[in-house]
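S.K.: Take the given structure of chain A and dock chains B and C to it, following the hints.
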Amino acid sequence: MAEVMDHRAAILGSIRKALGQASSKDAIAEEYAAIPRTYTKTGGMERAALLAHFEERLVEYDAGVYRAAKDGIAAKVAEILTARGKPGLTLPEGVPAEWLPEGFSFEVAGLQALELDKTPGVLTGCTVAIAETGSIVLQNAAAQGARILSLVPDYHLCVVFAEQVVLTVPEAFARLEGTSTLPTTFVSGPSATADIEMTRIKGVHGPRFLDVLIVVEA
Amino acid sequence: MSGVQTQDGTQWNRQDFPEAAKEILEQSQTRKNVQHATNVIQGKRNKVVAELPDWEDLREAGAQIKAHTLRHLDHYLAEFEANCTAAGGHVHWASDAAEANRIILGLVQQHDAKEVIKIKTMTSEEVGLNATLEANGIAPIETDLAELIVQMGKDRPSHFVAPALHVNRAQVRAIFQKEMHLPDLGDRPEDLATAARTYLREKYLRIKVAISGGNFLIADSGGMCIVESEGNGRMCLTLPDVLISIVGIEKVIPSFQDLEVFLQTLPRSATGERMNPYNSTWCGVHPGDGPQEFHVVLLDNGRSPILADKEARQTLQCIRCAACLNACPVYHQTGGHAYESVYAGPIGAILTPQLHSMKEGRSLPYASSLCGACYQVCPVKINIPEVLIHLRGKVVQEDQATLAGKFSLWNIGMQAAAFLFADAGRLGLAERVGAVGQKVLVSKNGFIEWMPLMLGGWTQTRDLKALPAQSFRQWWAKEKAPSAAAKNGRVSHG
Amino acid sequence: MRVSLFITCYNDALFPETGKAVVNVLERLGHEIEFRPEQTCCGQMHWNTGYLREAVPIIRHFVKVYQDVETVVIPSSSCVSMMRDHYVKAAEMDGDAKLVADVEALLPRIFEFSEFLVRKLGVEDVGASYPHKVTYHASCHSERSLHLGDIPIRLLKRVRGLDLQPIQNIQECCGFGGTFSIKNPDVSSAMLADKVRNVLNTGAEVCTAVDNSCLMHIYGSLHRQRTFARTAHIAEILASGYDKEVTAEAFV
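So the protein sequences, as listed, match chains A, B and C. The first sequence begins at 0 in numbering that gives the first Met the number 0 and counts up one residue at a time. The second sequence begins at 0 in numbering that gives the first Met the number 0 and counts up one residue at a time. The third sequence begins at 0 in numbering that gives the first Met the number 0 and counts up one residue at a time.
If we strip away everything but chain A, and leave its shape as in the complex, we get (with noise of 0.2 Å):
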């Protein structure tokens, strides 16, 4: 332990030495606080759009787009499980039960890999989608669960409500601020590589299939 706390004291002396005199905590937070962000923060896009745009970046990474509308989301999930030959879908804790229809298996489950990999997909929500990058970011939440459900099985379908989806990244951020701690993920489309001659491949390791079901007022 000793010998640990002498490299802590080693590197912190070392950058202390090369920057000179410490400013105080105050200086530092003034000083970050006046770094210019003159970036875009809000999109201002109205909603029509704004949906139509996060819609088209979807597609563009090969995911699967959906509507439906409050009354229609379980109707809509039948009709992409059947579309996809699928029985049914593992879920994550707090999936509301008006999602799912009748006549396929949803089970909550367990955080077992190996289990996990052996289901033919997830049902999950969303806390924020960002329209200009074709994102949704899932957190450790409600009707979202732990990073595993969304990872292991190779069927990820994402429920995401319209007044979820913001256009810019920074205004995902600002929805995010109250929960960053949570472990978190931004997925912005399939799993993919380019790795080998640039060429961009679907489906690596993550999910080789998403799809995502936007849901609109009626």
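Just so you know, these hints were derived from the structure itself, not from any lab. Take these hints with a grain of salt, some might be off.
Said to hold, decoys possible - When the alpha-carbon atoms are kept at most 27 Å apart in a straight line, the in silico DSS-like pairs for lysine-lysine are as follows: (1) 21(B) x 63(C); (2) 464(B) x 88(C); (3) 132(C) x 16(A); (4) 88(C) x 393(B); (5) 309(B) x 88(C); (6) 16(A) x 393(B); (7) 16(A) x 358(B).
Unchecked claim - With the Cβ distance kept under 8 Å, some of the chain B side facing chain A (calculated, not the full set): (8) 36; (9) 49; (10) 72; (11) 163; (12) 279.
Stated by the list, open to error - Rough simulated footprint, nothing fancy, chain C against chain B, three-plus residues with beta-carbon under 8 Å: (13) 195-207; (14) 261-272; (15) 366-374.
Just so you know, even glycine gets a beta-carbon here, dropped at the ideal spot from N, CA and C.
M.R.: Below, chains B and C without anything else, positioned relative to chain A:
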């Protein structure tokens, strides 16, 4: 040169850049692969950067956040440590590569792990972690597709975003066929990626210790952020019982909110995507989600002394997007291996010699035509050409302090040129002497080095037109000066 | 306007025709040209090669020679970038506050030749005629330090008879880089080969630029390969085939 250990136990810094580059320039397949890859990424990058009207504002904010953090680095590291620890993480400090290896090996052995899964990390490469693990009977398994290709091919990374961009699909196929025992493997990129998925999936589900680097350490939340594409990162960050992250001390940022800048600039600069497929952030340990034991090793290894140099400190602003490699016309020709360094390209040319207190990689600051393409694309505005010149200044001053350096042809030539440039009379005389006696001068040792040595270096592939009989100043003195003087009343004494 | 020409050391010795062309164009536009024979070099070769201390006296000399001028025009973006990007720093490094102040006072009066024509004089048509197929190479410093953008292209487009051919990778370095081409001759040659291939692919007879340093490098290979393509500084093109009547009309 003493050389630096790499992950596979071979040495970096075996030879200077010009010699290493010459070897690569003879490998036409490698050059073709590198040019293809850099052209593709560069094209994608330019397209998605042009989409953002506030790109310059984002660069400026990113640069200032990083510069601010570096000015108060100890403050932010201590804040990170306190918050990470409070969230259940263990923070370790490693002054050098040996300490980092000792800490990580100890943790792996504590868990009796014979295998570890790894996310691509340049810091691991920097400290030679794989060689340490292997020497102790532990198999490190790279999970990034490109790193797996490099590891299986017993090769070295040549680019820190796409480490295998110097090999093509046929070469990848040959490596996988042999190492994964798949004689019938096809050579479509899909086939190769599927082979890697199958090969690694079993390992993700079984191996209990993972090792990663880190893109950002977040001081105010005590969290970390890792940016990736394939999902191999998420596998390593989520499935094992134990996660060990080795991260350079310069990777800390003040606030989670600062990611709103870097998560725009990094993906667009690195892979030319609006957002890479996966970004993960987490703080310490979260019950029921991910590894229940988390260690961060904060690595100095030559970084902190760089802070003392105000000109060069900006080197540590780097977020490792590799945009400068893709934009660099020198890198286009040579790829990464010519730099003989973990960190290649323009940023490597300034980072590597500084990490080694200017004792290694001394030819690297000269491995640039100073064309400025690197600075133009840098998302945190590191003025790489300016730092290159600054480091050249250090090399020259250090060389001049030695007897051999003082009497080197370069130094003598430069001093002679400076002597000529200090006075127009001398310069004019030198020009006249040059015009008359250039053939004689060219064959000599280069006393007026700004001419003869240039000819010498040139003549392999280029001709240089001879000095004209009359210089401009001679022409002016003869044709224009008399009338100009008469008109202006200005006395010409050229 | 009274214009002082800083010819630059390498143009003085190797490319006097460029200097004559600058004088020709500016005089015809009605400006009075002076040439201060005390001039030597901007100090770039020393500075960029790492001989920082050795560059300072050269910089000091330049500032002393030009301190009192109305305007300095320089037919080399590379030398202008040396001044704009590094002079203040060099003076600061030397700890000479007076030199810092003198540099800061002088810099706004220094112009690269094509920049002077378009940005300072507001002239795009200088009345030249040059009936040749030409391609334009955007040198690194003109593009990324001076940010000349399309200024040289605008000047070339107004030259009568000139057939401007677009070149691939117009902004990519030719591989010269001053002493880079000596310290790394093989990489420099490989970069040059790419540039020359792009030049030849345009089918142009003449490759032009605002820097003779790049052109010297490019021509070195064109000549070695025994091609018929040649190089010419933009000033030489703008000084060609001048027609008094056309120009008189152009500047009304």
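S.K.: Which numbered hints are broken by the structure, listed smallest first?
M.R.: 1, 2, 3, 9, 13 and 14
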